[in-house]
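Chains A and B, in that order, give the protein sequences. Residues 1 to 618 (UniProt numbering) are what the first sequence spells out, left to right. Residues 1 to 257 (UniProt numbering) are what the second sequence spells out, left to right.
Quick caveat, the hints were computed from the structure, so don't treat them as lab data. Cβ coordinates follow ideal geometry from the N, Cα and C atoms, glycine included. Hints may be right or wrong, so weigh each one.
[Stated by the list, open to error] Selected chain B positions facing chain A (Cβ under 8 angstroms, derived; list incomplete):
no., residue
1, LEU73
2, GLU93
3, PHE106
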Amino acid sequence: MLRLSWSTFRERGQLFVGALLTVCLGVALVQSSLLILLAAATGGYVEAITLLGMTLAIATFLAVFIVASTFAFTVAQRRRDLALLRLAGAGRSQVRRLLLGEAVLLGLLGTGIGVPLGLLVQRAQTALLTGLGFVPAEFAVPWRAWIVAVSAGIGTGVAVAGVLAASRRAARVRPLEALRETGAAARVMTASRWFFGVLFLGGAVALAIVSSFAGPVAAIPLSINIAITASIGLSALSPLVVPLVGRLVGPLLRGGPLGTLAAANLRDGVRRSASTAAPLLVLVALLLGLSGTLTTLGAAAEHELRQDVRADLVVTTDGPPSVAGVPGVAVASTELSLRVPLTVTTVDDGEVETDTDAAEAVAVDPADYQRTHHRTAAEGSLADLRGHSIASGEHPLGSVVDARIGDRTVPLRVVAVLPDSFAGADVLLPRALVPPAVAEHAPAHTLVRLDPGADPARVAADLGEGRVQTAEAWVARAAAQQQDTSAGIMTVIMGLAGLYTLIAVVNAVVIGAAERRREFAVARVSGLGRGQVVRAALVESWAVAAIGLFLGGLAAAGAVAGIGAAAVRSTGAWLVGVPWPLLAAVVAGACVVVGVTSVLTSLVATRPRPVSLVGAGE
Amino acid sequence: MTAPQDTGTAPRRADLPAPAVELRGASRDYGSGQARVRALDGVSIAFAAGSWTAVMGPSGSGKSTLLHCAAGLEQVSAGQVLLSGDDITTAGERELTELRRGRIGFVFQSFNLIGSLTAEQNVTLPLRLAGRRVSGKQVRQVLASVGLDDRRRHRPRELSGGQQQRVAIARAMVTRPAVLFADEPTGALDSGSARQVLRLLRGMVTSAGQTIVMVTHDPAAAAAADSVVFLSDGRIADRALAPSAREVAERLARLEA
Ligand SMILES: Nc1ncnc2c1ncn2[C@@H]1O[C@H](COP(=O)(O)OP(=O)(O)O)[C@@H](O)[C@H]1O
Ligand SMILES: [Mg+2]
Chain A
1 MLRLSWSTFR
11 ERGQLFVGAL
21 LTVCLGVALV
31 QSSLLILLAA
41 ATGGYVEAIT
51 LLGMTLAIAT
61 FLAVFIVAST
71 FAFTVAQRRR
81 DLALLRLAGA
91 GRSQVRRLLL
101 GEAVLLGLLG
111 TGIGVPLGLL
121 VQRAQTALLT
131 GLGFVPAEFA
141 VPWRAWIVAV
151 SAGIGTGVAV
161 AGVLAASRRA
171 ARVRPLEALR
181 ETGAAARVMT
191 ASRWFFGVLF
201 LGGAVALAIV
211 SSFAGPVAAI
221 PLSINIAITA
231 SIGLSALSPL
241 VVPLVGRLVG
251 PLLRGGPLGT
261 LAAANLRDGV
271 RRSASTAAPL
281 LVLVALLLGL
291 SGTLTTLGAA
301 AEHELRQDVR
311 ADLVVTTDGP
321 PSVAGVPGVA
331 VASTELSLRV
341 PLTVTTVDDG
351 EVETDTDAAE
361 AVAVDPADYQ
371 RTHHRTAAEG
381 SLADLRGHSI
391 ASGEHPLGSV
401 VDARIGDRTV
411 PLRVVAVLPD
421 SFAGADVLLP
431 RALVPPAVAE
441 HAPAHTLVRL
451 DPGADPARVA
461 ADLGEGRVQT
471 AEAWVARAAA
481 QQQDTSAGIM
491 TVIMGLAGLY
501 TLIAVVNAVV
511 IGAAERRREF
521 AVARVSGLGR
531 GQVVRAALVE
541 SWAVAAIGLF
551 LGGLAAAGAV
561 AGIGAAAVRS
571 TGAWLVGVPW
581 PLLAAVVAGA
591 CVVVGVTSVL
601 TSLVATRPRP
611 VSLVGAGE
Chain B
1 MTAPQDTGTA
11 PRRADLPAPA
21 VELRGASRDY
31 GSGQARVRAL
41 DGVSIAFAAG
51 SWTAVMGPSG
61 SGKSTLLHCA
71 AGLEQVSAGQ
81 VLLSGDDITT
91 AGERELTELR
101 RGRIGFVFQS
111 FNLIGSLTAE
121 QNVTLPLRLA
131 GRRVSGKQVR
141 QVLASVGLDD
151 RRRHRPRELS
161 GGQQQRVAIA
171 RAMVTRPAVL
181 FADEPTGALD
191 SGSARQVLRL
201 LRGMVTSAGQ
211 TIVMVTHDPA
221 AAAAADSVVF
231 LSDGRIADRA
241 LAPSAREVAE
251 RLARLEA
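Make the full structure from the sequences, and use the hints.
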């Protein structure tokens, strides 16, 4: 049986290479993300862990999704071969065993290539992380020998899982299908497609609702989850959309023969079209969903900051500036940014549990703070922020947390609960708690309100020390910085994963066209020129790309909807961020990549003289 | 030589051996509602063991459908199908797989060889699928019987149409099936190759008593068989015992008129 696998695969080189490629890239990406995450966790690079966790999650999801959809597709492409086997006396279980055997073979081969490839990917990922400043330059990722076993497990596991459903379907192939030229396009919208489609789509909607209430805290992981769930749901349901798009293509080309052919091919090859669209769908969903979420978060933060600040000038310094006595200054609120580990101790059934989280803290003078900010406490009062006290968005009023400031740990009582915020710090502390040695080096900004009639330029010049900006410019700068961070996050999470998905998009187009040599040949002996065949295939692949873009956009919209609703509710402004430049780039990029791939592969597929393909029985 | 018998509804006498294949009132419908087509309409026919029967008729008259139903590739909508006396009308997937492995063989117009396998591998495939050991000698013998022992290592695309069809026949015969079903086996061949294939089939009938049911629309091919059944609109319209090619052509022309 394995020999049969081997020889059929060798025959269909493109299917083989395509399937293998998805496995080894998937293994490489997951292995690299896992090793880097472990290195960050053991090395104590706390800030990077969340980000790397998301990177690993996305890499794993993509490996499973892409391998599964590619394998299902290759099995569908070989329907006729499998029917022939059935005709020659193969039982259902033999067909299944054949496909599973192939999957194991591909999984092991993919691991063999994927493990060394993973080291290259790891180098690229580490370079990205250090380059963007998420980890310091000395960050090193140690090799762990056991990862080979894990990678082998991932490789074969992903391959076998990918082929499992497809093999069950393939085993139901009827022998008679071997005799039909264009294998009776079995019902594509199977019960399981409906089931998973509706289930995951429902899950995505539920997550979007959760996200609209969870607010900014968990927005990024939630949006990734929504994009993923919606992608699965929509790609399961995508065969429903294919015929609709097919109906649009004909009239768009004003009923020309190529449009008619492309539309007919779309209708006929619903499964192929849906499979080709799947990787593009998930790429668009993740890319636009994540970027839209980050844009929304940024826009909401900027809006909130602008609403909050009641100042004319902002002085940025390292350590507190001396603004006292500068003429024209009515109020100056100096605010120090610190990272403060907070420990919450709970006693549960006599067991003492402690939970430590690093919080972004801002140390303020409460009176000055209140006079330069509109924001007030949701519960309690910021005026009480004196002595051993803290204002927090996450701890209940009156509870006590242990804060480590400098080299001291101090117990602090929560005197105010901060409202949900997109922009602000996690906690506020009284500045008196910060020892001078720490304060001296902490990044500080000082919000300055001027006396009525004072000349801002004069005062700015008098403030001298540090960097003085108008409050407006300061807010804009903060927003720009936020955007840079967002771009960094996007690059780390989606950089290599996006590349993997893009390769899968190309792969799907190549596999799809390679299997159609005979079909193309038939079209040519029916009177179509080679150029016309290539153009019809191009139109068809663009239509498929449009399906991927449309459904991916839909999933992305779902991913942004939750946090968008939260932003609208919290700020009262319409702040749903649509990343237009990225959207345009994705649409253009998809058209170019899919178009070029389709033209090249159909040129290659139509190179043999048509007679040689039409005449032969096989 | 035994002619196919229109068994009708009359009970068969108990002392006769069971026919190799028998259809009793077999009907087959495709589609539903307005688009319903009755491809086979209450056909009763028995193919005696050791006989070679040609099935003829205009295009769309239900020849392939009859063959598929008789071979268990397709289920009849009504009626019964018997193979050596066993009712396979409602046989399950497992049973049908067993049938394909041992008791029936197929040959089709489009050869249907597996392109990635050599002639030899194609021929031994049914045996290997059935989990039987295959000796090199046996393979050579089977290929030699179709005159292709020097083409063992060739792939289908390196063979002519006639050679491919002979590989397909060898593959069908390697399990020594009780019945060989052939759907226009000469349909895609030039007349020389076609004659060679027909000679091969004739040899199998006379030397080994092979039962063959062959659909064709080539009068010359039909004349090579022991008897001919004519189908029209899914019903048996006519039959002839060892007719000449000219007779067959005339009857066919009458049906098509
Ligand atoms: N799978 C099918 N679905 C619908 N109609 C079919 C199918 N197969 C055959 N038919 C119809 O049944 C009739 C008989 O077909 P067939 O047995 O293939 O004819 P023949 O082999 O004599 O040319 C034709 O009208 C054909 O259109
Ligand atoms: Mg036919």
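List, from low to high, the hint numbers that the structure doesn't satisfy.
-> Every hint satisfied by this model.
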